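*Asks:* Using the sequences and the accompanying hints, generate a full structural model.
If you read the sequences in order, they're chains P and D. Our numbering puts the first residue of the first sequence at 2, with every later residue one more than the last. Our numbering puts the first residue of the second sequence at 1162, with every later residue one more than the last.
Keep in mind the hints are simulated off the structure, nothing from the lab. What you were told as hints is all true, and nothing was included just to trick you.
Straight-line Cα separation of at most 30 Å, DSSO-like style, residue types lysine-lysine; simulated pairs:
1. P:Lys184 - D:Lys1590
2. D:Lys1519 - D:Lys1685
3. D:Lys1682 - D:Lys1489
4. P:Lys217 - D:Lys1223
5. P:Lys184 - D:Lys1546
6. P:Lys184 - D:Lys1519
7. D:Lys1611 - D:Lys1225
All of these numbers come straight from a predicted model, not from anything done at the bench.
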Amino acid sequence: MNAEIYLDNNSFIHRLDPRTKITIFLLTFIAILLFEDPLWMMPVTFFILLQLVISGSIHNLRRIRYILIVLTISSLVLWNLFSKGITPLFWIFKVESFYFSIARTLLMTLMISAGMILISTTRNEELVLGMIRMGMPYRVGFAISTALRLVPTIASSTQTISQAQRSRGLDLDSGSLVERVRKFLPLLVPVFISTIRNTNIFGMALESKGFGAREKRTFYLKLEMKKADYLVLAFAILFVAASITFSIMGYGQIAGLTRF
Amino acid sequence: MSEPIVSICDLQYRYRGQKEFALNGINLDLSKGEFLVVMGPSEAGKSTLAATINGLIPHFQKGKLIGDVTVMGRKTRENTVAQMAEIVGMVFQDFEAQLFSTNVELEVAFGPENFAVEREEIGRRINENLDYVGLDAIRHRPPSTLSGGQKQKLAIASVLALKPTVLVMDEPTTDLDPISKMGVFEITHRLCKRDDLTLMIIEHETEEALYADRVALIKDGKLVKVGAVREVLSDVDLMEKMGVMPLGIPKFFKRMGIRRPKVLCSIFESNLPLTPEEGFEAFTKTDWKISESAYQKLVSEEHAALAKLNRPLIQCRNLEHSYSKEVKALDGVSLDIFEGDMVAIVGQNGSGKTTLAKHFNGLLMPTGGEILVNDLPTREQGVFKLGQRVGYVFQNPDHQIFSETVFDEVAFSPRLRKLSEDEVKQRVKEALKAVGLAGYEEQDPFALTKSGRQRVAVASVLAAQPEVLILDEPTTGLDYAEQRSMMDMVCRLNEQGSTIIFITHHMWVVAEYARRVLVLKDGKILLSGATRDVFSHGDELRDSSLRPPHFVEFSNRLGHTFLTPEEMSNCIEGVQD
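*Replies:* Below is the structure:
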């Protein structure tokens, strides 16, 4: 099974410079945080969907679809309870808070999608190098990339471990909630221990290859901002500037909504 | 003689929190271009010794270090691991954890980048080293998609890119199939000759040690013997005593020599033949002959015993399995496994062995064809129900152990099956007795050695009292003595009526313990049959990256397939006492 997050395609988005992608990722956050009204979030949603399709990252979203569904449902419920409206919809729900819950849910899924696009289209090394060129210290960048790298390792060892315990008769799909939680212990302990063991070897291998031997290090990868990068960046900046202007002018807010 | 490159002087080392010294007074020099293989039983201090060469000990693993390790005038004590990395390269056994880049090129670039090597020079080193280990064609692939052998070659290339003077490898081939093993050793051998690189390799398998100049045997943190490769490997008795696998060919001649010492001395002087070629040559010089009648008797007895097994437990008909659309991991496998059988499944890394075995207990369901266990399709039974009949011991015991005591670990499965506590106790007792761990009930399983944890894993599967026991690489990571006792135990279970299926890369284990062998290649069955028949097909085996042990190869050249030295020496005529 392939547990890698990075998708080895060669789409337009893959070819962009990591700095462009990181900037767009950050700008996306600003753009989606500006509005309370889901309708005003539609343009960003459209661009993120476009990126998902072009880059093929939608495949990775499909892999985490269960988590997304759980998050969507709980967020829809919670944001209804944590905000107040004035126009009744049904039972205790109000129209304004219902809209707002949609907007917040959208915000969450869009953030996850934007992050997924970034790591599905950018190699770990490119991401680190991009962050360093943007001013982050090497060690911090390396720590981030190591954390990302652990995800597929843990996923694949979890799979093996759950198979091992299932063949011993562990049945994860039945029993009460408490029983089910208890049943995860036979999975968690081995996952934890094998991850620690792996990390230990990883650490030794790193040092053995001279990690941190010199103050400065070189990079074999070469980053280059091309015409496409500047065009995409210019568009993204204009888009966010426009969004900010609209937001300041008072558009995209929900009248009659009280947030806690 | 020139200055030694590596000099180990009165070295003692104790891990923090331990009472015993893991290394206890080691003195050893390595000269330029020398190739040393270090062998010894588990816990002898081999890996500890390897870790002292580049300073992982004492810098990464804290403890008490007495004495000195000096590499090219640099004391490891006074230099960090990263500083030593320029002169000492280190390759580990676990090839998953030591590769961390997203493509092959960048993996090789990582080391030189740390030493601020110019970009153009890094490019040159990437080209040179990938070309050298033969990974040039796949330089843009992510390492996670490579086979085990390729990963280990990549690990070597990535270390060579630092242009070290010394290369230390800690069991680099343990998880590899026989031909990949040879590939790695062939590369290291070339290296020694090309760059005057000094090599130190920790190895379990004696056949691989034949490439070395010198062999060091260590036990309990002490050097027992260091000497030229021929001298050490000929000392069959010492090796056996130390729990290191002796070579079959010298063992055979030694055995024959006990029957007729004078002949042996006159033919071989002090050196016993070691390789199949030498063995063949030496054999033709004697007046020994293989008794045709004794051989035929051996073969017919074996076939008669196999013919007695006739109740099929597992039947596969045209079994197919694909993980993705492009590749079929299993492609039309048809086979029967009979009650009381002892079957070895062999094949190169990625040939579908584990995928096949996971169908037997319902962990995987076929995407084509069918598989019946006890005449019922596995799909109708499910893994929970099948688990009672078909037990599966995974390769890595750490992937299943989670309890605080050995008792609880072994009791896990019976308890899940809602047995009474008395019955659980009885089952645990029997299972622990079967694996030789009676009396260990209250111990912490994590504190046991690898071989101990492996036994706990087997016991915890046995406690469900399955009819069929599947073992995925039961001998990997164990030393020779542990491998033997593990397989002897499996053999006893088979004699008591369990049907055994095991996956392995260790060909001598197959030769000595399996009744039948299945050879898989690219998801298809290439060869199957009685062990002796399969091992007589040397060429087909090579096709699937396997080769019989040296001893079997040697007997094949004499026109007969013998699986053990004992068996062969009993079939020899022409030896007068």
